[in-house]
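Trainee: Chains as they are written, first to last, in the working numbering: chain A, 1 to 300; chain B, 1 to 415.
Don't read these hints as lab results, they were simulated from the structure. Be aware that one or more of the hints could be misleading.
To be verified - So the derived label-pair ranges between C-beta atoms look like this:
#1 A:Lys264 to B:Ser325: 48 to 58 Å
#2 B:Arg81 to A:Glu202: 35 to 45 Å
#3 A:Lys264 to B:Asn80: 19 to 29 Å
#4 A:Gln91 to B:Ser367: 53 to 63 Å
#5 A:Gln268 to B:Ser367: 55 to 65 Å
#6 A:Glu96 to B:Asp391: 56 to 66 Å
#7 B:Ser298 to A:Glu202: 44 to 54 Å
#8 B:Gly249 to A:Glu197: 25 to 35 Å
#9 B:Lys267 to A:Glu96: 55 to 65 Å
#10 A:Pro68 to B:Gly249: 43 to 53 Å
#11 A:Pro68 to B:Gln327: 53 to 63 Å
#12 A:Glu197 to B:Asp391: 15 to 25 Å
#13 B:Gln44 to A:Lys105: 17 to 27 Å
#14 B:Ser367 to A:Glu122: 33 to 43 Å
As the list claims (entries may be wrong) - Taking lysine to aspartate or glutamate pairs in the DMTMM-like style, the calculated list, with each CA pair at most 25 Å apart, reads:
#15 B:Lys40 to A:Glu138
#16 A:Lys125 to B:Asp402
#17 A:Lys2 to B:Glu235
Unchecked claim - Below, a sample of chain A positions facing chain B; criterion: calculated Cβ distance under 7 Å:
#18 Pro9
#19 Ala23
#20 Ala52
#21 Pro163
#22 Leu168
Even for Gly, the Cβ is constructed at its ideal location relative to N, Cα and C.
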Amino acid sequence: MKTTAIINPLENEAIYIIREVVAQFERPVLLFSGGKDSITLVRLAQKAFYPAKIPFPLLHIDTGHNFPETIEFRDRLVEELGLELIVRNVQQSIDEGKVIEEQGKYASRNMLQTSTLLDAIEEFKFDACIGGARRDEEKARAKERIFSVRDDFGQWDEKNQRPELFDLLNGEINLGQNVRVFPISNWTELDVWSYIERENIEIPSIYFAHKRNVFHRDGMIWSHDDDVVYREADEATEELIVRFRTVGDMSCTAAVLSEASDVKSVVQEIRSSTISERGARIDDKRSESAMEKRKQQGYF
Amino acid sequence: MEVLKIATAGSVDDGKSTLIGRILYDTKSLTTDKLEAIEKTSKQKGYDYLDFSLATDGLVAEREQGITIDVAHIYFSTENRSYIIADTPGHIEYTRNMVTGASTSQASIILIDARKGVIEQTNRHFFINNLLRVKDIVVAVNKMDLVDYSEAAFESIKRDFQELIGKSEYKEQTISFIPVSALKGDNVVHASDKMPWYDGNTVLEHMESLDKAQIYNDGTPRFPVQSVVRPKTQEFHDFRGYSGKVYGGDLSVGDEIVVLPSQTNSKIKEIYAFNEKYDTAVRRSSVTLTLEDDINISRGDMIVKKGHLPTINKELEAVVCWMDSIQLRSRNKYILQHGVNKVLAIVTNINDKIKPDFSGTDDAPESIGMNDIASVSFKLNRPIYSDRFEDHRTNGSFILIDQNTNNTVAAGFIQ
Chain A
1 MKTTAIINPL ENEAIYIIRE VVAQFERPVL LFSGGKDSIT LVRLAQKAFY PAKIPFPLLH
61 IDTGHNFPET IEFRDRLVEE LGLELIVRNV QQSIDEGKVI EEQGKYASRN MLQTSTLLDA
121 IEEFKFDACI GGARRDEEKA RAKERIFSVR DDFGQWDEKN QRPELFDLLN GEINLGQNVR
181 VFPISNWTEL DVWSYIEREN IEIPSIYFAH KRNVFHRDGM IWSHDDDVVY READEATEEL
241 IVRFRTVGDM SCTAAVLSEA SDVKSVVQEI RSSTISERGA RIDDKRSESA MEKRKQQGYF
Chain B
1 MEVLKIATAG SVDDGKSTLI GRILYDTKSL TTDKLEAIEK TSKQKGYDYL DFSLATDGLV
61 AEREQGITID VAHIYFSTEN RSYIIADTPG HIEYTRNMVT GASTSQASII LIDARKGVIE
121 QTNRHFFINN LLRVKDIVVA VNKMDLVDYS EAAFESIKRD FQELIGKSEY KEQTISFIPV
181 SALKGDNVVH ASDKMPWYDG NTVLEHMESL DKAQIYNDGT PRFPVQSVVR PKTQEFHDFR
241 GYSGKVYGGD LSVGDEIVVL PSQTNSKIKE IYAFNEKYDT AVRRSSVTLT LEDDINISRG
301 DMIVKKGHLP TINKELEAVV CWMDSIQLRS RNKYILQHGV NKVLAIVTNI NDKIKPDFSG
361 TDDAPESIGM NDIASVSFKL NRPIYSDRFE DHRTNGSFIL IDQNTNNTVA AGFIQ
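With the hints as extra help, turn the sequences into a complete structure.
Mentor: If you want it as structure tokens, here you go:
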């Protein structure tokens, strides 16, 4: 006898949510960053619709400052699964004068993504954007709903959120509104990694230990790439063995010292880690409420 | 990995966030950077202790006012299982958040301030946990350090609470009383040496000891069809599958089933989870079924076992918890979402308003407002296939959606 044990109630919940998105919305899209969370979403979407194909496109907001490994990986995944990929560039928003590039030591394009994303939502009339955000990542995200309604400006009204009861997902929206959907809301970083291990999911190589030219600032390890990451003259570079725990922009993602070269050792490392995942996100360090403020403006 | 969801309830300043912060701290679930942030902020505020509530009170408004204003989800795990704590606010105006947090929880912690004892809010918290049929309740009598760890104080609160239990109609829950100090860490994760008179479990020990079969047992199998899968590819040319989540009990290949609303009989032919076939789908698993016969099935239909039919209703009586600032009135129309099924519902009568403190009902009011609980009758434009909430937590519940705002305005429990 072969039984579908509840090995993973989180997986069952995520599949249910993704199926609800397709049933309740007309133009859903999966926000794909090339990071492990969005890669996990792709696997869950595959499972949700098998033997049919994933019935929505992927949307990548390319900051132009991505790790090249991420882009290569993205293109290969899309090719293998026969998915539709839409790419919109932050560079274009800059060129059109919609946003202004940040200057100085901590310049990052992370904030600028929001504008490009909102434009893309409008261009394609997407009514549901599936994202890989998790409630355990950050305090403001802990209050996020699974179906999170955004207004015309893409804004999140955190004090006026719809209650979510039982398994029931209310996908009714007004004209001009859209929802962000977070199927892996209840997963922790360790849950994602354990899933990647169990399902044997391929992820970009930068998640594993590799040699990299880096420099140190504010107790964090920054990637050395003078085209993208601003570096003071006295910030010396060196080659270290590092890996990344989150994959954002090169300019806002710090590396961690690690010897973990495969999924199994990464899982072990996270189990014993004493630093939170977003502890290595430079964009969150700006202030105690950095994430909440970004979310109100429509950040993913 | 097994997941246990716990809701928390307590009044302002009962120390709920501190309790959760303490659980995180003592289970070593707080990472260095989060701890550093807590230490830094505690020091800035001039506290001589660590303010663990900072670990959970996430929004700016909350940090400014020092209160919790929305449901926050907190995650931690032990070797035994994973936990999700829904940190729900205790303010009277935020009852809707408490109902929300408890609606997906298998267990609940009700906090009582040892100095204040059972207060009106406690009645309300316990009432809502009863209404939502939460099976396991821990009554944590907090701030024991401020009453000199007195056994008499604890016992007196316990007696007052037991009076409440006497008034409750729902008898299938287990209720445990634990004296704690969240601030000092007594009986939260580690046993206290200050209260030798108490030899029961700590809060965490209690959660660890919960029997999963007991908590998750929730009725007969119901399979609401989420979507029909027709890949129309070479390989799966004639494939017609029905995707959904199994609720209540297991479904197996060969089971004789009935499809609602057509009442057509068939048998389960295959059970798919991704690209693998299974013999049995256990409750709460997301699967795709195929049937022996070609039947016309669409989203919102329900597959159930033969001989275990739910009630097919076009008229409904339900207890409703109202969650919106626009009031519910007789003759109003709403979208009623029951599982994946949406129908139109018209309010035919507000029967009575239920006092959420076990003190009975008020006669038929004209309207019900935010945080009110009432018995309401509805007429539906199409039938739903439902059970009574007390028999089936999933198939006995629904939400109401306001057609003008599209907001979720109520939680309903079918009687």
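Trainee: Sort out which numbered hints this structure fails and list those numbers smallest first.
Mentor: 2, 7 and 12
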